Amino acid sequence: MFSTCLENVRARTPLVHSITNYVTVNDVANILLACGGSPIMSDDIGEVEEIASICGGVNINIGTLSQRTILAMFAAGKRANALSRPVLLDPVGAGASALRTRTAQKLTEEVRFTAIRGNISEIKALVAGGGSTKGVDADVADTVTEESLDEAVAFAKAAAVRYGAIMAITGAIDLVADAGTCYVIRNGRAEMGRITGTGCQLSGLLTAYLVANPGGALEAAAAAVTAMGLAGELGWGNMAPTDGNATYRNRIIDAIYRMDGAALEGGARYEVR
Amino acid sequence: MFSTCLENVRARTPLVHSITNYVTVNDVANILLACGGSPIMSDDIGEVEEIASICGGVNINIGTLSQRTILAMFAAGKRANALSRPVLLDPVGAGASALRTRTAQKLTEEVRFTAIRGNISEIKALVAGGGSTKGVDADVADTVTEESLDEAVAFAKAAAVRYGAIMAITGAIDLVADAGTCYVIRNGRAEMGRITGTGCQLSGLLTAYLVANPGGALEAAAAAVTAMGLAGELGWGNMAPTDGNATYRNRIIDAIYRMDGAALEGGARYEVR
Amino acid sequence: MFSTCLENVRARTPLVHSITNYVTVNDVANILLACGGSPIMSDDIGEVEEIASICGGVNINIGTLSQRTILAMFAAGKRANALSRPVLLDPVGAGASALRTRTAQKLTEEVRFTAIRGNISEIKALVAGGGSTKGVDADVADTVTEESLDEAVAFAKAAAVRYGAIMAITGAIDLVADAGTCYVIRNGRAEMGRITGTGCQLSGLLTAYLVANPGGALEAAAAAVTAMGLAGELGWGNMAPTDGNATYRNRIIDAIYRMDGAALEGGARYEVR
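Protein chains in written order, with the working numbering: chain A, 1 to 273; chain B, 1 to 273; chain C, 1 to 273.
If you are wondering where the hints come from, they were derived from the structure by calculation, not from laboratory data.
Treat the numbers as computed from the prediction; the structure is a model and nothing was measured.
Note that CB positions come from ideal geometry on N, CA and C, so glycine has one too.
Between beta-carbon pairs, the in silico distance windows are:
(1) A:Ala190 <-> C:Arg12: 17 to 27 angstroms
(2) B:Glu109 <-> A:Lys106: 33 to 43 angstroms
(3) B:Pro214 <-> A:Ala190: 50 to 60 angstroms
(4) C:Ala128 <-> B:Glu151: 54 to 64 angstroms
(5) C:Thr145 <-> A:Lys106: 53 to 63 angstroms
The shape of chain A in the complex, shown without the other chains (with noise of 0.2 angstroms):
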């Protein structure tokens, strides 16, 4: 039920570890909160193996990588690893340089990664070591559309056995997979992508559901997509005729913030593949 994954989120307040990009961190840590868990952000080789032993998981979000913190991105998921805690893998422009494909790969080579979220343009160039990406958004010619839906769910599927990891592709469909079962996720909307950081802040939110419900990650993980989803629909219910993204913006994150487990339950719209 992924209204008892939410519900375990407010019950259990995860404390989520983000190396996170310094663009949409204030998003991150806002939504963490507003979900029911607690944001930690460190980024410092001096301690993250510290701060990722006190935490329930660890986000790793490649935006804006440096030297400096790429070698806190393996310290810290090292460490996760050894503690059996949940590490998710946020690989942002992974394919719009060589660095972040490198990056991405290296750290999917180093670390065991519980869940990999990203658009279908990153999650391409991560397969393949290299892409078309446009910047940080997903390329047009990748789109999942109900045409290409079957391919894609193949696709993610074959990620999920390749990574040992749960793949969460996000687009205008979201697919979430392990090896053999899929979550095909239609909720959202379009004006989604004209906020930054709404990637971003899922896979903050994702880590959350992950550490709270240690049991059921695929689940976990559809949930959280699903409720990212429906706070996109919800919030953008609460527009007026005047209000553009950065309003719409802070209509997600509080929509996350006051969705319970019913709310959820009762929005979601998704089928299993």
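Once you've looked at the hints, dock chains B and C against the given chain A.
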């Protein structure tokens, strides 16, 4: 009079140099502008002494400390000391890692702080050289309640003696103490803890109040803490049923922007011990 | 036509590489998305040349410069020059420290900027190699008024000659000049100065306009500056009595999101000298 403290900030436009974390830095800048101050952020060792020199005071926050910015914190703090300007320490997450605890302690040894602001767990970790800090939020066991208030007031005054600084220990009940006097402030709302950075914002605000009120640092600090708590109450009063923590964040800064001396004086709820 | 400039941004989705400060970076990303552009932030020397290569233009902002990011600024600027793509400089706080003034000057010597945007104090510091900048806000003595306008227009044109760049000098009255022509723009509101980063946001927006309007850089720059000022007016019109600078920040970005060519054309208040 708290009203005079507030009005001095509006009249004098204190320029505040912040070396602060990248999570909440935007909100710190906006609340400084909201209260009537002027923010400048700078953390490179190549300029922090010069920036500290042109500013009225320095706000040092270790929320996302790194080897690079730690150097800048010491240099800026010492320069402000040499110029007899107010310096504030916000030991974010002291107790969560040895790096944070040690850095905060070493700062108190090498820089003379006008004020130190943190939650009770952070201040206890600072004093004890370790602690049970759960990330960046106060540990429940540490919370200042009506029952533990006498003890907490004595702790705050003792810390004030030890550091030669005003101690601002904020939470459900806020304490602002020097060696002999402690303001016990009951403004604020529990929901403020569901927004990232209300503490960081208060540290910025408090530094501005110290700069603009050189003759009465303790009262200025108490006025700033009260203003923040009152803004939390006023901001909550402007919330719609679908609003959550993202909108609440804006409403609090908005309330600081709109607050005048009479509102602060009328809304303040405190006693002096 | 300013309307065409705006519509070109919406039609062409310019990808803008920003090396900018961590204070206002989220707002820069959101205003780029609001206007129809696409943001990518990247400041590591290991990838900035590659990121600059896939982008339409580069926005360089020294607001929280460090030794590390300064290297990236030079590398990205030079690469954009080599590819004949627009590059903008925002010399935040030039005059406030020798590091800022020298870095901004050296950037203008080694990188050919398409446009330079700052407040009058920053631009004077850039030209003079020092100055009286009070932090990151313009010095009152420097303010462009109706009385000092002729002199300021001449100054802007002379700076445009010196740097071979469009100069956008913004404040109560905005000037956008090349060697021979100066747009004098009277849109905007004084309250915009009470929000952190409206200047940084404009620099991002302006870069997007330059990228999307390769044939008419001066008009595009003037259109962007006018759009920002008009958004400040429209956003203010949507303020409730309890709203302050935090909400105003969102309303301005929202206004950019909603603005179409007709609204910009109809609301623009400028003369050409």
